[in-house]
Structure formats: structure tokens, C-alpha cells
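Enquirer: As given, the protein sequences belong to chains A and B, one line each in that order. Residue numbers 1 to 113, in the working numbering, belong to the letters of the first sequence in order. Residue numbers 1 to 237, in the working numbering, belong to the letters of the second sequence in order.
No wet-lab data here; the hints were simulated from the structure. Don't be surprised by glycine CBs; every beta carbon is placed ideally from N, CA and C. Fair warning: there could be bad hints in the mix.
Said to hold, decoys possible - Each pair of labels, with its calculated beta carbon distance range:
#1 B/44 x A/82: 47 to 53 Å
#2 B/230 x A/101: 31 to 37 Å
#3 A/29 x B/27: 52 to 58 Å
#4 B/46 x A/87: 38 to 44 Å
#5 A/32 x B/66: 38 to 44 Å
#6 B/226 x A/29: 30 to 36 Å
#7 A/50 x B/226: 21 to 27 Å
#8 A/2 x B/226: 16 to 22 Å
#9 B/80 x A/40: 54 to 60 Å
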Amino acid sequence: MEHAAQAKRWYWQRVSAMVLALCVLVHLVTIVYAVRSGLSGEALLARTRGSVAFAAFYAVFVMACAVHVPIGVARIAEEWLGLGSCAANAAANAFALLLAVMGFTAVYAMVTG
Amino acid sequence: MPTLRVSIWRGRTEGGFVDYDVPRHESQTVLDVVTHVQRHLEPSLAYRFACRVGMCGSCAMTVNGVARWTCRTHIANVADGDRLEIAPLANLPVVKDLVTDMRGFFDKWARAKGRFEGRRTRDDDFARVDPASPARKLADAGIECIGCGVCYASCDVVAWRPDFLGPAALNRAWTLVNDVRDDAQRERLRAVAGDAGCHACHTQGSCVERCPKHLAPAAAIAGLKRVTARAAARGKL
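If we strip away everything but chain B, and leave its shape as in the complex, we get (with noise of 0.2 Å):
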């Protein structure tokens, strides 16, 4: 049978690439992988998965040096020959192995206002809002958005300037400026501008090229840009 030779990060900060030889199988993917060397021949590797089928984000991990889906990363597409070498995600710390630490990130989520702030009650009736609008079509580009943090790794800005709000957090609050029920815009557009915002952003399309949904971060990202410089423009931000 076919082997394939991994690599595969252990340890924290400190540590290095270990080896493992695993059986090759048709369509076998990333997080297979993983899964066989942790039930077979590595008990204590640690790795985060949780749906297996690309809907939860828990599994992402840099994969041939690119950050991806390991649940939905095909072996045949990014083996190098025989080779296979994978880490954690990059600008996150690692807690253990191909674990890291997702706190910043998010908390990253809640620094650019990425939570929505209604002012309906229930008492009052539904909004409604047109499916055809510009605003709403804006926020649906982006919607979909599952926090894997694949754009987040893949960044360079957030390497060079780790306090960068990063994409996924900048993504999240373009879909709130773009959602007429929202109430808090003004704290919005402050928290998401300056040097640590979208003013940062140099728009290399990282997070646009490996984004397993195919979203456009960095659209979103030029999108806060316009909109902060007209309210800057108004004296409103």
C-alpha cells in the first residue's frame, strides 16, 4: 500500500516537525490524515475538528505551508509527491500541537463592533427589508462567514501588525454597516477605523484567495474605507 510522509507540528511555540508514515487511500483528506496519526501512531497529538464537513471551521490548519480546511482538503491536491507537512494556523498562539488559541481573534470580533444592535422590540413589528436593496445584497456578500480563521492566518498585515482587527472581524462589521436595522453605526464605524482598522489593510487578496467560502474580505474592507471617509468628511466619526 501507498504511504504518505507527514510532518507534523508538536509542541507549543518550542517544538518541531515530526514524521509519520500514513497509509494513502482514494480521496483521503487533510483531516483523515490527522485523525489516522492520532488514533494509530501519535495517542497525544492534539488537533481541533468538529462537523467534518466544511460547515463548523474548527479543522482549519496550514496545510503545504497554506492555510486551509483540513475536512475539506483533498490529500491528492496538495500532497507534494509523497510529502505533507502540517501546522497551525499562523498569527494565532498555539495552545498544543495543531491546537491554537482562537481568543484574540474573536475577541478581535467584539473590538470592531461585530455584534448586532437592534433598537425593535418585541413589541413592534418585524423589519423588512427589501432582498433586492444595494445594503442588503452588501451584507449577504459577506454573510456567510463561519470564523475559521483561514483569512485571519493568511494575512500578512496581521503578521506585520498584530493589534490589525484582521479580516474576518472587518468582513463581519461590513455586513452590520449594511444592515438598516442595526442601531450602533456611528461606534461601529470608529471602532473599525484608524490604524488597527480598515485603514491598514493594504488589499493584497490574501484572505480573498483562501477563503474556503469564497467570500472577499478585503472587499468588505474597501467598503469601510469608503463609507468611514464620507463620515469623516461629515465630521461624524
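Chain A with its partners taken away, still in its complex shape (with noise of 0.2 Å):
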């Protein structure tokens, strides 16, 4: 059972990958823009506060990133801190909850600030 979970682990981490790298993107290309046009914190509120199209893509970027990050995490737990397996995961999946947490969070304030 754990070399299937460890398969859809890595299947998981490759799918969320292909989703944050047109993510990243797009959120770079938004920063970009942002600065050089000297928006200011209320102007960015103002664009975002109640779009739908910058809450679903927030939430998608939350996602992937909830799922991606906390499977590497766990990798490297075991290979560097001496984690089991066991308390690696279950330490990665808490560190998924609170990127989540803390991404929703955010992205609540961000259509509703």
C-alpha cells in the first residue's frame, strides 16, 4: 500500500507542478505590472475586491500549492532531520493545513478588503 501511496504521491507533486508553473507566472506578470504602475495598496484592493476571476485564481494558486510543497517537505524531513516515515508525513500534512489556511486567509482578504 505505501509504494501506491508513495506513486500517487509523485503523481500528485507533478500535476500540482504543471498547475504553479502557469501560476507563478501569471502571479509574476501581475507583480510586474502592479509595481511599475505605481499602484498603491488601496488600488490593488480596489481591482480585486469582489472579482470572482482573481478569487478563483488565488484559490487555485492556494491549492497547488497546499498539495506540491508538503509532499518535497516530507522528503526532506526524512533525509535531513531523520523523520520516519510516519512522522514525516504527518508533519508535512499539518504543513499543508496551515499553507492552506494561510493562503485562503489571504485570499479571503483579498476579495473582501
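Starting from the two chains in their separate frames, assemble the complex, guided by the hints.
Expert: If you want it as C-alpha cells, here you go:
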């Protein structure tokens, strides 16, 4: 079972990496546009407030991060910190939850703030 | 005559480097240097070699920090000025001086189901495999491995995770995964998946960089990841 779980984790990490590649690109372009346009925080929020498109995009971004990052973190925890497989996966799942909660909180603030 | 100052590891896990001055010659290989030291300066020096022409893979050592075949490595290409450091392969227990214990390395080939499991008997006709078929081409890409251990000694994941099967064993498994005559595919995929198998690889590529045969074990491992994911999705892992 562990073998199948590991193979599936790799699959999800790979799929989420594809999503992240696109999301990071769009995010960077957005940042560069915002900075070069000299937009203030208030001006940015005026554009994102109530925007379904921004909410959907960043929700996908957060989910992809919450899937992708913990799988790699578990590997690093095993190899560098010497954690066992169960402990590393438990720590990674907790980290995934933290990422998701923080990310969705930010998305919520962005579209309602 | 110009000389080369050579530091050679003496001892086992406990030990140290000892310096020797070796006459420098044109087209001299690292194996020539080690042989000179053993024959003229230090008769008790232990090292391993056989063919001297890059076919057997038994003379691999760490030369100036990099795992190489010593018989095919010219001094002119690796010496740091007139200095050379020669140590046993990393990630393997040292038996004595430059000789490593390769049992763990080859045991992992067995754990990765690196043995062909056929189902035909002598009464059956020959299997016909199209040389141009995609599976045969993938098997061909990795089939020339001679088990020298250079990739294994160069792999950081082996250093971090001693139970990791390593690039050579996984490369061997990949050639058999692509062998249409083999009858142990499910067992092999189970053997190579998981924490100690292909999923531990970070694709850092030292194995590809260092392989003296210019094989690409990292590509073989990537192939195993794809195939095991497909098998897992179908509930066949």
C-alpha cells in the first residue's frame, strides 16, 4: 500500500507542479504590472475586491501549493532531519493544512478587504 | 623527470591520506599511478582492477573528489597542478585502502528485481523483439551498464538515505520493465516504488553527469516514476 501511496503522491506533485508553473507566471506578471504602474495597496484592493476571477485564480494557486509543497517537505524531513516516514508525512500534512489556511485567509482578505 | 605528488587513502574507515611522489609520464592514467605506488613504493597498498581498458568497471575510485574509472582517466585531465588525491569510492564500506565492499551495491540490484524472469522454455520459439520498438529502444538506452558503482558513489540521495536502491539498480530495473519477454513486472514495480526506490530520487543528475558509459540513470528513474504512477492509478501496484 505504501508503494502505491508513494506513487500517487509523486503523481499529484507532478500535476500540481504543472499548475504552479502557470500560476507563478501569471502571479509574477501581475506583480510586475502592479509595481510598474505604481499602484497603491488601496488601488490594488479596489481591483481585486469582489473579483471572482482573482478569487478563483488565487484559490487554485493556494490549493496547488498546499498539494505540492508538503510532498517535497516530507522527503526533506526524512533525509535531513532523520524523521520516519509516518512522522514526516504527518508533519507534512500539518504543514499542508497551515499553507491552505493561510493562503485561503489571504484570498478571502483580497476579495473582501 | 617531473613528479606528481599523490595523496592516497590508507586504512579503512579510520585512516588517512599518505603522500607519494610518482614519476610523471605522457598519457599516464590514474591506474598507472596507483600501480606504480603499489609496485615500487608501497607493496601493501590494496586496490582493485582487472581489464585496464574500461570494460570491467572494477577500478573505480574517487579521484580529486570525483568518482571515476581510474584506467580511463588521464592524469593530464584531472591533476590539480602536480597534485592528485585518490580515495576509495564513496557510499560504500572500505575493505582496505582503495578497495570497497561492493556487496551492498549488488544486493540492491537483487532487491530491485534486477534479474530477468522469463516464461519461455527451451521448447518455445525465440521471442521476436523489434529493435525499433519504443520499449526496446528504452531498454537499449540503459543496457550497457557494467556495474562500476560510479553513479552510486556520486549520488547524494544514497548518502542521505542508505537504503535507497541507487541509480544503477534502478537503471537495471528499467531495462527489464521495458523487456517484453519478462514475466515479473508487477513484483518489479513494487520493488522499485516507494521510499527506498525511484520516488526517493531528486533528479539531481550526478549519476548522469558522472556515468563513464554516458548512460542516464536519472532518466530511467523518471521512467519508473511514470510507470509506477500509472500502475498505482490502475490499482496494480
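Enquirer: How does the Cβ-Cβ distance of residue 230 of chain B and residue 101 of chain A compare with 31 to 37 Å: does it lie in that range?
Expert: holds (33 Å)
Enquirer: Please check whether residue 2 of chain A and residue 226 of chain B have a Cβ separation lying inside 16 to 22 Å.
Expert: Holds - the Cβ-Cβ distance for residue 2 of chain A and residue 226 of chain B, about 19 Å, lies within 16 to 22 Å.
Enquirer: Quick check: does the Cβ-Cβ distance between residue 226 of chain B and residue 29 of chain A fall within 30 to 36 Å?
Expert: holds (31 Å)
Enquirer: Is 21 to 27 Å right for how far apart the beta carbons of residue 50 of chain A and residue 226 of chain B are?
Expert: Given about 43 Å between the Cβ atoms, the range is violated.
Enquirer: Check the following: the C-beta atoms of residue 46 of chain B and residue 87 of chain A are separated by a distance inside 38 to 44 Å.
Expert: At 42 Å between Cβs, range holds.
Enquirer: Does the Cβ pair residue 44 of chain B, residue 82 of chain A satisfy 47 to 53 Å?
Expert: For residue 44 of chain B and residue 82 of chain A the Cβ distance comes to about 38 Å; the hint is violated.
Enquirer: Taking 54 to 60 Å as the hint, is the beta-carbon distance of residue 80 of chain B and residue 40 of chain A inside that range?
Expert: 57 Å Cβ-Cβ, so the 54 to 60 Å window holds.
Enquirer: Given the range 52 to 58 Å, decide if the beta-carbon distance of residue 29 of chain A to residue 27 of chain B lies inside it.
Expert: holds (56 Å)
Enquirer: Go ahead and decide if the range 38 to 44 Å is satisfied by the Cβ distance of residue 32 of chain A to residue 66 of chain B.
Expert: holds (41 Å)
Checked against the numbered hints above, the structure breaks hints 1, 7 and satisfies the rest.
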